[in-house]
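Visitor: Take a look at the letters that make up each chain.
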Amino acid sequence: MRSRLGRFSDLLVLLVVWGGLILLFGRLSSGFLSTATLGAVANRIPALLLTATGMTLLMVTGGIDLSVGSVLGLCGAVVGVAMVDFGWSLTGAILLSILLGSFVGGVNGLVSVKLRLPSFIVSLGMLEIARGLAFLTTHSQTKYIGAAVEGIGTAIHGWVVSPAFVVALAAVAAGQAMLSYTVLGRYLIAVGANQEAASLSGVPVDRTRLWAHAILGGLTGFAAVINCSRLGSADPNAGVGFELSVIAAVVVGGTSLLGGRGSVVKSLLGVLIVATLEAGLVQIGATEPLKRVVTGAVIVVAVFADTWRRRA
Amino acid sequence: MMLHAEHLTKRFAGVTALHDVSFELRPGEIHALCGENGAGKSTLINLLSGVHPHGSYEGRFEVAGREARFRSIRDAAASGIAVIHQELACIDEMTIAENIFLGREPKRWGVWVDRASAERSAAEELAKLGVSIDPSAPLRSLGVGHKQLVEIAKALARHSRILILDEPTAALAAHEVEVLMTILRDLRARGISCIYISHRLEEVFDIADRVTVLRDGATVCTLEADAADEAVVVRHMVGREIADLHARSAPPPGQTVLTVVDLAVTDRGEQRLRDISFDLRAGEVLGIGGLMGAGRSELLMHLFGVWGRRTAGRVVLMGHTVPLDDPRAALKSGIALVTEDRRRFGLLLEESVGFNLSLSSLGELSRAGVIRGREEAAANTHWFESLGIKASGLRGIVGRLSGGNQQKVVIGRALMTRPKVVMLDEPTRGIDIGAKREIYALINRLTADGCAVLLVSSELFELLGLSDRILMLHDGAMSGTFNRNDATPETLMRAALGAAIPTRRQ
Amino acid sequence: MVTDRAEYRSDRTRVLLAIAGLAAILGGTGCKPAGGSLDSPAPASSGRQPKVALIMKSLANNFFATMADGARRHQAEHTADYELSVAGIKNETDLNEQVNLVEQAVAQGAVAIVIAPADSKALVPALKRAQQQGVVIVNIDNRLDADVVRRSGLTMSFVGPDNRDGARRVGLALAAKLKPGDDVAIIEGVTTAFNGQQRRAGFEDAMQAAGMHIVAVQSGEWEMEKANNVATNLLAAHPSLKALLCANDNMAIGAAAAVAAAGKVHSVLITGFDDIAAIKPLLADGRVVATADQHADQLAAFGIELALEALKEGKAGGDRTTAVDLVTH
Numbered sequence: 001m002r003s004r005l006g007r008f009s010d011l012l013v014l015l016v017v018w019g020g021l022i023l024l025f026g027r028l029s030s031g032f033l034s035t036a037t038l039g040a041v042a043n044r045i046p047a048l049l050l051t052a053t054g055m056t057l058l059m060v061t062g063g064i065d066l067s068v069g070s071v072l073g074l075c076g077a078v079v080g081v082a083m084v085d086f087g088w089s090l091t092g093a094i095l096l097s098i099l100l101g102s103f104v105g106g107v108n109g110l111v112s113v114k115l116r117l118p119s120f121i122v123s124l125g126m127l128e129i130a131r132g133l134a135f136l137t138t139h140s141q142t143k144y145i146g147a148a149v150e151g152i153g154t155a156i157h158g159w160v161v162s163p164a165f166v167v168a169l170a171a172v173a174a175g176q177a178m179l180s181y182t183v184l185g186r187y188l189i190a191v192g193a194n195q196e197a198a199s200l201s202g203v204p205v206d207r208t209r210l211w212a213h214a215i216l217g218g219l220t221g222f223a224a225v226i227n228c229s230r231l232g233s234a235d236p237n238a239g240v241g242f243e244l245s246v247i248a249a250v251v252v253g254g255t256s257l258l259g260g261r262g263s264v265v266k267s268l269l270g271v272l273i274v275a276t277l278e279a280g281l282v283q284i285g286a287t288e289p290l291k292r293v294v295t296g297a298v299i300v301v302a303v304f305a306d307t308w309r310r311r312a
Numbered sequence: 001m002m003l004h005a006e007h008l009t010k011r012f013a014g015v016t017a018l019h020d021v022s023f024e025l026r027p028g029e030i031h032a033l034c035g036e037n038g039a040g041k042s043t044l045i046n047l048l049s050g051v052h053p054h055g056s057y058e059g060r061f062e063v064a065g066r067e068a069r070f071r072s073i074r075d076a077a078a079s080g081i082a083v084i085h086q087e088l089a090c091i092d093e094m095t096i097a098e099n100i101f102l103g104r105e106p107k108r109w110g111v112w113v114d115r116a117s118a119e120r121s122a123a124e125e126l127a128k129l130g131v132s133i134d135p136s137a138p139l140r141s142l143g144v145g146h147k148q149l150v151e152i153a154k155a156l157a158r159h160s161r162i163l164i165l166d167e168p169t170a171a172l173a174a175h176e177v178e179v180l181m182t183i184l185r186d187l188r189a190r191g192i193s194c195i196y197i198s199h200r201l202e203e204v205f206d207i208a209d210r211v212t213v214l215r216d217g218a219t220v221c222t223l224e225a226d227a228a229d230e231a232v233v234v235r236h237m238v239g240r241e242i243a244d245l246h247a248r249s250a251p252p253p254g255q256t257v258l259t260v261v262d263l264a265v266t267d268r269g270e271q272r273l274r275d276i277s278f279d280l281r282a283g284e285v286l287g288i289g290g291l292m293g294a295g296r297s298e299l300l301m302h303l304f305g306v307w308g309r310r311t312a313g314r315v316v317l318m319g320h321t322v323p324l325d326d327p328r329a330a331l332k333s334g335i336a337l338v339t340e341d342r343r344r345f346g347l348l349l350e351e352s353v354g355f356n357l358s359l360s361s362l363g364e365l366s367r368a369g370v371i372r373g374r375e376e377a378a379a380n381t382h383w384f385e386s387l388g389i390k391a392s393g394l395r396g397i398v399g400r401l402s403g404g405n406q407q408k409v410v411i412g413r414a415l416m417t418r419p420k421v422v423m424l425d426e427p428t429r430g431i432d433i434g435a436k437r438e439i440y441a442l443i444n445r446l447t448a449d450g451c452a453v454l455l456v457s458s459e460l461f462e463l464l465g466l467s468d469r470i471l472m473l474h475d476g477a478m479s480g481t482f483n484r485n486d487a488t489p490e491t492l493m494r495a496a497l498g499a500a501i502p503t504r505r506q
Numbered sequence: 001m002v003t004d005r006a007e008y009r010s011d012r013t014r015v016l017l018a019i020a021g022l023a024a025i026l027g028g029t030g031c032k033p034a035g036g037s038l039d040s041p042a043p044a045s046s047g048r049q050p051k052v053a054l055i056m057k058s059l060a061n062n063f064f065a066t067m068a069d070g071a072r073r074h075q076a077e078h079t080a081d082y083e084l085s086v087a088g089i090k091n092e093t094d095l096n097e098q099v100n101l102v103e104q105a106v107a108q109g110a111v112a113i114v115i116a117p118a119d120s121k122a123l124v125p126a127l128k129r130a131q132q133q134g135v136v137i138v139n140i141d142n143r144l145d146a147d148v149v150r151r152s153g154l155t156m157s158f159v160g161p162d163n164r165d166g167a168r169r170v171g172l173a174l175a176a177k178l179k180p181g182d183d184v185a186i187i188e189g190v191t192t193a194f195n196g197q198q199r200r201a202g203f204e205d206a207m208q209a210a211g212m213h214i215v216a217v218q219s220g221e222w223e224m225e226k227a228n229n230v231a232t233n234l235l236a237a238h239p240s241l242k243a244l245l246c247a248n249d250n251m252a253i254g255a256a257a258a259v260a261a262a263g264k265v266h267s268v269l270i271t272g273f274d275d276i277a278a279i280k281p282l283l284a285d286g287r288v289v290a291t292a293d294q295h296a297d298q299l300a301a302f303g304i305e306l307a308l309e310a311l312k313e314g315k316a317g318g319d320r321t322t323a324v325d326l327v328t329h
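Residue numbers (our numbering), protein chains in the order written: chain A, 1 to 312; chain B, 1 to 506; chain C, 1 to 329.
One or more of the hints may lead you astray.
Just a few of them, taken from the derived set where beta-carbon distance is under 10 Å, the chain C residues facing chain A [to be verified]:
id	residue
1	GLU225
2	ALA236
3	ALA260
Please keep in mind that the hints were generated in silico from the structure rather than gathered at the bench. Think of the CB as a built atom: it goes at the ideal place given N, C-alpha and C, for glycine as much as any other residue.
All chains should be modelled from the sequences, with the hints used to inform the complete structure.
Guide: This is the structure we're talking about:
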């Protein structure tokens, strides 16, 4: 644990960066500084937040999951089919999505742990598999669900924010609490800090890593439902490139790709920064490819800063 | 003089590995270097071969009359010094010729590697050693013995005049040893000198012209091989030091807590431990000694469930035959391990003292998965104070502590689990004398409280000073059990070397 | 060393097995034209009827699902005349896949290809190669670039609507609900697609004729999620926006979601194009003002008939323009 000042200085830096982005885009696009933009960003955030929380926990253990975008698409596809073809209720679909997401995450974890393959490679394979399954489930067609699913994405009457936003914030709080105050949280950090030493200290390394993967999967499952609610449909192409945004947010927030240290709260700031960046880029008319280049560049810079800071 | 070194002193972060060492090597000589683990042999070799560059040590040495100021291994190699390490530095996937000319491949027009020329030269070098192997075969097709010969050929191809061989026969079969000996004699006749490091004293006296003994980083003596024998060398290796012989205060021993019967363990198909049997009682310290590779650490790790596959035998802990196959189970059954390499395997260097201390006990310090902060703080503080850890509080980062304090953290973590058996693997390695004494006192306190201790140490005097009984291992088997009163440094050393040594060579 | 209990040999076996498994899985999912689906030819094939391959764009778009259904119905009524294979790609922009589908169709012995290309230029070389092997090419929905076609020597016929006119009529229907001088924005399709360019031109025709002010034109690449993002930010960048003209219904749905999220339902109007089933509810409550029906099912049928004619006559037929109907409810 750094000294108190050290921890706050990180948060401060992130807030400054975020503020800087807002000012920059405010200058570049006339309509940027408006409640409309705020609303737009606020709607983008819940899915990102949920997945980023899970990704933070996983990256703390030194793992990574590149398949979250595809899992988003797959869970969304299953939700679409369940609600449209089988008449499931929203609640039932949400539970199904979370379970499916946890299952897929669990598979990632199991293969990584049992076969001792880097989670990078395993999730790369799952990226393809989940996407393929998403297409199979929907026969490659978009499933239009309609109003039944839109509820969680729309602002609650009288409030500014939607149920999705509230759930996402709750997840952040729970995630941070878990990391700081629970046994599993300690184990996550220990596994990432030094897996051998942790194992010799009696930490159940395999089980801990499995949990991290499964939690990320479950959170992604919920994020998938939120994503569907935004468009009122389940698109088998949903989430393409999503994993990059999530990883960018977590890395920008200061969690190291090497594991051992991480903060869900800082990932929240990372999400704010990434979401603001994406909104700003669209507002100034940047094309999709340019957005991906910028996001990638942001990841590189953040990783570089992280390495440089560790060495200092 | 092929090599002449004087007043070599090398320090590492508070530990003096070499102190005012002088060493001399004649042309066409095989000069053996003997000493206990930690005596400084490796450091001396590293210094002479350029691993420790000029400027990182005091003193000077000359090679063939010219002062040596090596900045790197390359400089040393260019001066004609080659090291044949225990872990062979060769690449299995490449051919024999490629290995021999690694980094110095003959080139055509400066760009294309001339494979044919390399293979021809390789064949010549190998022939000079009296071996005929096809140099275009991949290295992995050879056994260890032949690989070593390839290493020697590599050194000779570089026109090395000084070969340093580090435990060359450790992995060889008897007939391969003979081949090596013949080659070394041949090299000697050609005027090439060897520094021969080995624990196998019978080999040393078979091949060496002179023997130098190191102890605690200093040269003890240099003897002509004709004028000495194994017993003399052993006596010099062990020396006389009375200081810590009275460190132990033993309580009356209690019930038997650990029984090991006929334990046999393999690792990667190789038999590493066999016929190990011993008892351990509450309040007792059982020291385990032997050379590196004898199986001491491996035994402890096996009992903790992190190493090896048991092929025979039983382990009974507190009266129950528990399958100890993973650290969690071991800790739960009441047996704890403090590993050898505390920085790599013992600690989470970037985390705080508190984080490390409580890591093995989180189950007891939590309820429903949530850590109970006050209980954890209380437990941590208790051990922090009880062990006298000097750090900036529980929040101090472990990586910044001194070796002794780091060791206390590892021990504290183990003790917090309230084990019945504590296994300590080299607990005072790399620690200053003050911290060492503290740990000795701690061991005494532990046993007074009823704990039993298994202690592995490479320092004979530490073993003698702390143990109630000593078990010596040699090459994976027990080579001697001693009571405190029966043991002397020489008898221990002989047991470590594995054979009853005749007092005079014929 | 400390915690590694696996035998050295089984380490290697384990990794080899894992890699083999992974390769098999990746190979398996990659074997099918990554996401594109080829279903088996329609039943009742004696193997002597000519094979016609229908190659469409994104299967995620309902428009093409309707088109596929229309084609299959046509084949069911003419089982003696030809076999049909239907294929599409996974999204609107995966050109590589579509080229792949063309080449596979040729390899499977298709004598005619009826294609709705994802890009008006990039598919020409592949189609030219197909034609050199004797395959008849019929272009539907999105017209291939005339220049490129001429220079490559590809001969083909085109079946499709007058997109510009259809879009213009949709735009005029929208203008009736607006006041002159109102701000509008256009969300166009893939910028290099001819039909997209035509629709944009038609929207512009209508808006200029009605005196509206076009503040922005951005591409949603025919996709719902992308249009949603674009619309969200257009709404934020231009608070006075009164309408969004979308070049297809999928994008219109995405835009409608953005409008709803911004709380501007009914103050920002939307138009689409394609008349897919999912747009009906939005037409019903007025969130979407108008769309255009290109009769996707007929498009395919016409295309196939043109192909069969060309096969019989031995030469490409002329172009055929199909009807586009304005749909407002």
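Visitor: Each hint should be assessed against the structure and marked as holding or not.
Guide: Now for the hints, and whether the structure bears them out:
1. GLU225: Holds, because the Cβ-Cβ distance from GLU225(C) to chain A comes to roughly 6 Å (cut-off 10 Å).
2. ALA236: Constraint on ALA236(C) satisfied, holds at 4 Å.
3. ALA260: holds (7 Å)
In terms of the numbered hints stated before, the structure departs from none.
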